[in-house]
Amino acid sequence: MITESQTNAPNLISKLIQMTAHQRVLAFASLVVLLAVFSVVSPNFMQMSNMLAILQATSVNGVLAIAATLVIISGGIDLSVGTLMTFTAVVSGVLLTNMNLPLPIGVLGAILAGAFCGFCSGSFVAKMKIPPFIATLGMMLILKGLSLVVSDARPIYFNDTPGYDEISRGSLIGEILPFLPIPNGVLILFVVAGVASYVLSKTVLGRYCFGIGSNEEAVRLSGVNTDRWKIAIYALAGGICGIAGILISSRLNSAQPALGLGYELEAIAAVVIGGTSLAGGRGTIIGTLIGALIMAVLTNGLRVLSVAQEWQTVITGVIIILAVYADMMRRQKSK
Amino acid sequence: MITESQTNAPNLISKLIQMTAHQRVLAFASLVVLLAVFSVVSPNFMQMSNMLAILQATSVNGVLAIAATLVIISGGIDLSVGTLMTFTAVVSGVLLTNMNLPLPIGVLGAILAGAFCGFCSGSFVAKMKIPPFIATLGMMLILKGLSLVVSDARPIYFNDTPGYDEISRGSLIGEILPFLPIPNGVLILFVVAGVASYVLSKTVLGRYCFGIGSNEEAVRLSGVNTDRWKIAIYALAGGICGIAGILISSRLNSAQPALGLGYELEAIAAVVIGGTSLAGGRGTIIGTLIGALIMAVLTNGLRVLSVAQEWQTVITGVIIILAVYADMMRRQKSK
Amino acid sequence: MSLLVEMRGIEKRFPGVYALKGVEFELRKGEVHALMGENGAGKSTLMKILSGVYKRDGGSVKVDDKLALFDGPKAAQNAGIGIIHQELSLMNDLTVAQNVFIGREPRSAWGVIDEKRLNEQASDIFEKMNFKVDPTVEIGSLTVAKQQMVEIAKALSFQSKVLIMDEPTAALNDIEIAELFVIIRRLKSEGVGIIYISHKMDEIKKIAERVTVMRDGEYIDTVEAKDTPLSKIIAMMVGREVKDETIDIPDLSNAPNVLEVKNLNRGKEIQDVSFSLKKGEILGFAGLMGAGRTEVARAIFGADPIDSGEIWVNGKACRISSPKDAVTAGIGYLSEDRKHFGLALGMDVRENIAMATLSKFASSCGVLNEPEMSNVAHKYIEQLGIKTPSDTQEVGFLSGGNQQKVVIAKWLLKDCDILIFDEPTRGIDVGAKAEIYKLLESLALQGKAIIVISSELPEVMRLSHRIAIMCQGKLTGILPGGKATNQEQIMAYAAQ
Amino acid sequence: DEQLYIPLISKGFQHQFWQAVKQGADQAATEFNVRVTFEGPDTEAQVDRQIDMLAAALANKPDAIGFAALDSQAAIPLLRKAEKAGIPIIAFDSGVKSDIPVTTATTDNLAASALAADKMAELIGSKGKVAVVAHSQTGTTGVDRRDGFLNRMKDTYPNIEVVTVQYGDGDQLKSTEIARAILTSYPDLAGVFGTNEGSAVGVVNAVREAKVENVVIIGFDSGSAQMDAIRNGLMAGAITQNPVGIGYETVKAAVQTLKGEAVPSIIDTGFYYYTSKNIDDPKIAAVLYK
Ligand SMILES: Nc1ncnc2c1ncn2[C@@H]1O[C@H](COP(=O)(O)OP(=O)(O)OP(=O)(O)O)[C@@H](O)[C@H]1O
Ligand SMILES: Nc1ncnc2c1ncn2[C@@H]1O[C@H](COP(=O)(O)OP(=O)(O)OP(=O)(O)O)[C@@H](O)[C@H]1O
Ligand SMILES: [Mg+2]
Ligand SMILES: [Mg+2]
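Residue numbers (the numbering used here), protein chains in the order written: chain E, 1 to 335; chain S, 336 to 670; chain V, 671 to 1166; chain X, 1167 to 1456.
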């Protein structure tokens, strides 16, 4: 996949790759191995169309995982990413379909709604000193309920908003390079990833994110208003979930109010597979991206091999463990 | 509830209550408040039959939460409790129904199967140095699949094992004190809780559990074989999940292979609401018990008030946050 | 005379660091053998190899003339080697007694712990050291000093025949140090061999028979303590003469007060403390452990809430409810506990140095200028002689003393008008100490106001223009610094 | 051998109803000697997961696809893609808002649960309070079965009050707890309708545990727990669709289409109301799964 997207953002990707090397996110190797194995075992796996399907499948979980990465690096955890995504999708549905507002407003509204919810979770954590797990668990339930309330427990379709589905299904790249019809959803994923890793590695916010995750008290005693930064981090993550909400609703051309439960686990899994520590203080976006890809490749590959579904689950479990194990081993060596 | 069960295990409960006071698990107050509010709002709430329903609803999640507590105190996390429960239920189904073995063997088999799976997760964590989140996530998927494989994706009924459903539905206490038909499932929950908190507070295993959660390296430098103890902790937790497996399958008089996903979150929530820190090193079983009761009371109460379901979720989220917030406030004061 | 420990040609490499280059070391029965060297010389690493924490890359270790290949701490313990690590390694959520006996709890067959005996045994040990602490309190609630004493008690409880003490006195003050020396002498008489690491030079003369000096991971020499002058040992450590000439106290009679603390109160720990600090002044704080100096500092800095009292900066009363407020008001605080309150161990040297000043390096939209950060970091790495392979090395991998230097760099860079240094030279070698003293003096000359809290009286007296003494949360007196005051006078106020 | 390959993308997998559909599909597979795979997401909410499954299925260049849409529109782009590739789509269980599917093998959930309402009314004398334990608040089957029941009650039985509808995700334990709560809050409850196996069995468990008498329970689907409950009278009766038939007809229709034979645009596999009396009729027994 990396090679494919090089065409659209070469310097970004090359930077990401450097970082990979730098941060020793060796899950990358496991990803390559997986791709190799599947292409050998199934002729149908390594087709452009299927690669695109995999990327498409990665886009939503990938964006969610990026949001989760920010929070996790800062030493917290966010269980609300999944239902927050759903909620923002519903919000944009209400704005666009029920209120007939123009498309940009829907998109903006979703992202703002996401940021606001993130802001709330952040305040619970920073101001009310509620453990992130509980704060975001509560938020997850609240949003799950609200999505049903706001949408009246029915999917909201975007049929009267022409072009909404293009946001994720269309392909700008495809129009320029017809042989490479990468869906915009994937493009957006990589852009979000690029921006996020830039923010993490190059800005004050990013530095405090790592600092707070590594030793919050030390940062506070350096005269930093850690509470405000924590809230900012959760809000940013929320906004990113808003983007995920746009992606999924445009892909389904509808806001599905019941969706999103259990997605938080997959997102967090991608983060951890990507080498980010749940203890906080260390992690990379590129790692998360690779983690998300590993999961997508795995699921898709096993389906293409049409393995019986119950065995798909078993194998996924085994391979996730092995992938991380391989990673660990290499880290040990490199130590 | 506490008062009710006092009759059957006075010293145990009084001990537990002392510990509560000692450990400042003030979630207890929130529980009382909840009970009070619901009994005022709904005349039907505060009936013996409904209290029993709540206790019974607590039993499974409570036992799972106790298992999770052990692992979390030791600084880990166990996402596999839910599917492990299901798997052990299926195992006992296979032993009793498919193989027609006597009841005790089924029970023992389930518990051993649970302990073995815990042993595996533990080894992944301790020996292969895989982050607990991933190790148990993998285990969760593996077991989810295996349950379907072993049971051939069909529920296994215990119709030809007379008395199996009595394990959780019957009431030994009821036979002695007819006015107090506390189901055995609840009895088992409290026994498990008693044993677990004894192990935690009085035995070497418990001591190392806290030690490892507090500062694993320090424990290791003191010449303790932390790996072995970690494995032991996960195995113990697994065994307890086995008990949960018995409880649920006896209550449904069948092993439902599809059940158990999402139960891990509820269990962990109960643990954290009960004041156990996800960072490890601190926590109590009684706290977890109270956490589980809070959740059960909440769900039951809102259902009894037949609040619209979407609002039930919202309110649950809000109250979980408030309960923990109240707890935090009191801790602050008491500091 | 039989050798307890014999280490020959020990080699150790870390990524980017050649930590030990063929180090020699030997220890006799019943001797106290001091291991000296600058920060980062390799002392702790050598000891970690001897105690089975690290595996060596080369060389041989003999214990009792038997080749020893330790595969872990347990093995070293069984071979009779005990160690007090430089960095506290405690389980904060367990009680004092539980910490001391972790792994060796008195237990029944079923693994049930006899908590009563546990606490009794702990009390016994503390009695012997006549160190007063309740064995049933959570250790996390004790001060660094007390925690250090517990670590010592723990090491003693092993009754090992080799006892390694890696900077045991860094966090202690004279009284506790005296207690420790009593213990050490007793152990000696019992034939225990003791390896003693410290940067407090005067201690060497007091208890060590022999001194082995290391520099940059190399073995320099082993000499008899009594017939080698300190200056020579220092020269061997640093590779040059270190002279620390004092300058005479400037006249600040008409300098303005930059900081005035009025009737500060916080629980029992701070009781009605008032004092003022002049522009260009260095105010020393002396006192016994638990005197409350750290509490005063933390209160002024807004790290802990206060019950009552006022803090005036430059003649204006200001509300300081958080460290952020304090820093905005131009106050900086270097904590006595670098590991918990000073450093983000997971982050690199550069980031830690810049932690308090990030916004200075950021553009309007919050983008950091990393080259600039590196330049600044290098400036301080030079100035303080921080021993690190690069400015992007993880601070956690630095030696203790070098970590302390990083924290100091952070606050020097912040350039506050009022600096509060709590145990600034804890674990810092002689050479660097002299450097830091000079630095503080030059800062004072530039018109900064500085508070130095130190448990080393000589240090307080060496630096301070005035010396404030605390006892049990009260400020008991303020004496003139320099020659004007002697230890006895200070102790009189400290132990009221 | 050029065996035909027909993947079925279902709405669910673990639930017994879908296992029964799978069973029927497998029967047809052996009968017509074609290769069939069967997949479905964990919950009926995961529309996007189903799309991914469809995409993966298409990658395998199947001869035909059986598809039970979780959302009537979300999959349309992919279905068009299939159409372009000349892969016939057979919809099953619930339709797609599009003319792409060659046919739809389904039963009318609305009508089926309306029948449940009639039976309930009959048994409680057309008056009193009834409750519904449904299995999904958003999934089409769940919504149809709920609304079919509610609408019939509203339109035809003014004296029957549906006091509450609560959703247990078809999870037996959750449904049990819900039903117990409902029984607590409505001591005078006359009947409960469970909209799928998990919900119905949950209601049965609750009634058994709470030891309440004379609450009329009407269930949906089969499964041995539910059938036992009907046999020993705890449950008055249940509606059953013909899941095995749905699976079978789907594959059969696919094969016929590939052979170029004509298939009807709707294959109604029908539904039945069964009680302890007719549970063993061959016609009924044939459509019940254990
Ligand atoms: N785990 C590690 N990884 C990388 N480098 C290390 C590690 N531990 C020590 N070092 C490096 O090895 C060298 C020696 O460190 P050591 O802690 O032994 O010094 P020291 O003599 O104890 O210094 P101090 O007096 O400050 O304690 C230092 O340069 C340090 O940065
Ligand atoms: N983290 C803490 N938790 C609880 N009590 C503390 C803590 N730190 C200090 N104290 C208490 O506050 C009082 C003063 O603390 P501290 O010993 O740090 O003062 P000090 O004068 O700075 O002594 P020193 O710095 O030499 O240790 C003591 O009674 C100590 O027990
Ligand atoms: Mg050292
Ligand atoms: Mg202090």
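Don't take every hint at face value.
[As the list claims (entries may be wrong)] Below are the DSSO-like pairs computed for lysine-lysine, each with C-alpha atoms no more than 27 Å apart in a straight line:
hint : chain 1 : residue 1 : chain 2 : residue 2
1    : V       : Lys744    : S       : Lys462
2    : V       : Lys994    : V       : Lys699
3    : V       : Lys1057   : V       : Lys1108
4    : E       : Lys127    : V       : Lys1009
5    : V       : Lys1009   : E       : Lys129
6    : V       : Lys913    : V       : Lys798
7    : E       : Lys202    : V       : Lys913
8    : V       : Lys1009   : V       : Lys948
9    : V       : Lys691    : V       : Lys1108
10   : V       : Lys896    : V       : Lys913
11   : E       : Lys202    : V       : Lys699
12   : E       : Lys127    : V       : Lys994
13   : S       : Lys537    : V       : Lys1030
14   : E       : Lys129    : V       : Lys994
15   : V       : Lys1009   : E       : Lys202
16   : X       : Lys1250   : X       : Lys1227
17   : V       : Lys1057   : E       : Lys202
18   : S       : Lys537    : V       : Lys725
19   : V       : Lys732    : V       : Lys913
20   : X       : Lys1425   : X       : Lys1247
21   : V       : Lys1030   : V       : Lys1049
22   : V       : Lys913    : S       : Lys464
23   : X       : Lys1295   : X       : Lys1443
24   : V       : Lys831    : V       : Lys736
25   : S       : Lys464    : V       : Lys1049
26   : S       : Lys464    : V       : Lys744
27   : V       : Lys1049   : E       : Lys202
28   : S       : Lys537    : V       : Lys1009
29   : V       : Lys1009   : V       : Lys802
30   : V       : Lys994    : S       : Lys462
31   : X       : Lys1263   : X       : Lys1295
[To be verified] Anything over 10 Å on all C-beta distances counts as not near chain X; from chain S, calculated:
hint : residue
32   : Phe454
33   : Met463
34   : Lys464
35   : Arg489
36   : Tyr492
37   : Ile511
38   : Gly529
39   : Lys537
Since the hints were made in silico from the structure, they are not lab data.
Just so you know, even glycine gets a beta-carbon here, dropped at the ideal spot from N, CA and C.
### Query
Taking C-beta pairs only, is Ile511 (chain S) more than 10 Å away from all of chain X?
The claim stands: Ile511 (chain S) keeps its Cβ more than 10 Å from every Cβ of chain X (closest is about 19 Å).
### Query
Holds or violated: Lys202 (chain E) with Lys913 (chain V), Cα cutoff 27 Å?
It is violated: about 43 Å lies between the C-alpha atoms, which goes past 27 Å.
### Message
So if I understand the rule, the pair passes when the alpha-carbon distance is 27 Å or less; does Lys127 (chain E) with Lys1009 (chain V) pass?
### Response
holds (25 Å)
### Message
Check the hint pairing Lys1009 (chain V) with Lys948 (chain V) against an upper bound of 27 Å on the C-alpha distance.
### Response
Answer violated: Lys1009 (chain V) to Lys948 (chain V) is near 31 Å, above 27 Å.
### Query
Within 27 Å, alpha carbon to alpha carbon, are Lys127 (chain E) and Lys994 (chain V)?
holds (16 Å)
### Message
So if I understand the rule, the pair passes when the alpha-carbon distance is 27 Å or less; does Lys129 (chain E) with Lys994 (chain V) pass?
### Response
holds (18 Å)
### Task
Measuring Cβ to Cβ, find out whether Gly529 (chain S) lies farther than 10 Å from everything in chain X.
The claim stands: Gly529 (chain S) keeps its Cβ more than 10 Å from every Cβ of chain X (closest is about 24 Å).
### Query
Between Lys732 (chain V) and Lys913 (chain V), does the CA-CA distance stay at or below 27 Å?
Since the Cα atoms of Lys732 (chain V) and Lys913 (chain V) sit roughly 39 Å apart, the hinted pair is violated (cutoff 27 Å).
### Task
Against chain X, does Lys464 (chain S) hold up as non-interface, every C-beta pair farther apart than 10 Å?
About 30 Å separates Lys464 (chain S) from the closest Cβ of chain X, which puts it past 10 Å; holds.
### Query
Given the hinted pair Lys1009 (chain V) and Lys802 (chain V), is their alpha-carbon gap at most 27 Å?
Holds, because 25 Å separates the two Cα atoms, which is no more than 27 Å.
### Message
Need the status of pair Lys1057 (chain V), Lys202 (chain E): alpha-carbon distance at most 27 Å?
### Response
With a Cα-Cα distance of about 26 Å, the restraint between Lys1057 (chain V) and Lys202 (chain E) holds, given a limit of 27 Å.
### Query
When you check the alpha-carbon spacing of Lys537 (chain S) and Lys1030 (chain V), does it fall within 27 Å?
violated (54 Å)
Hints 2, 6, 7, 8, 9, 11, 13, 18, 19, 22, 25, 28, 30, 31, 35 and 36 from the earlier list are contradicted by this structure; the remaining hints agree with it.
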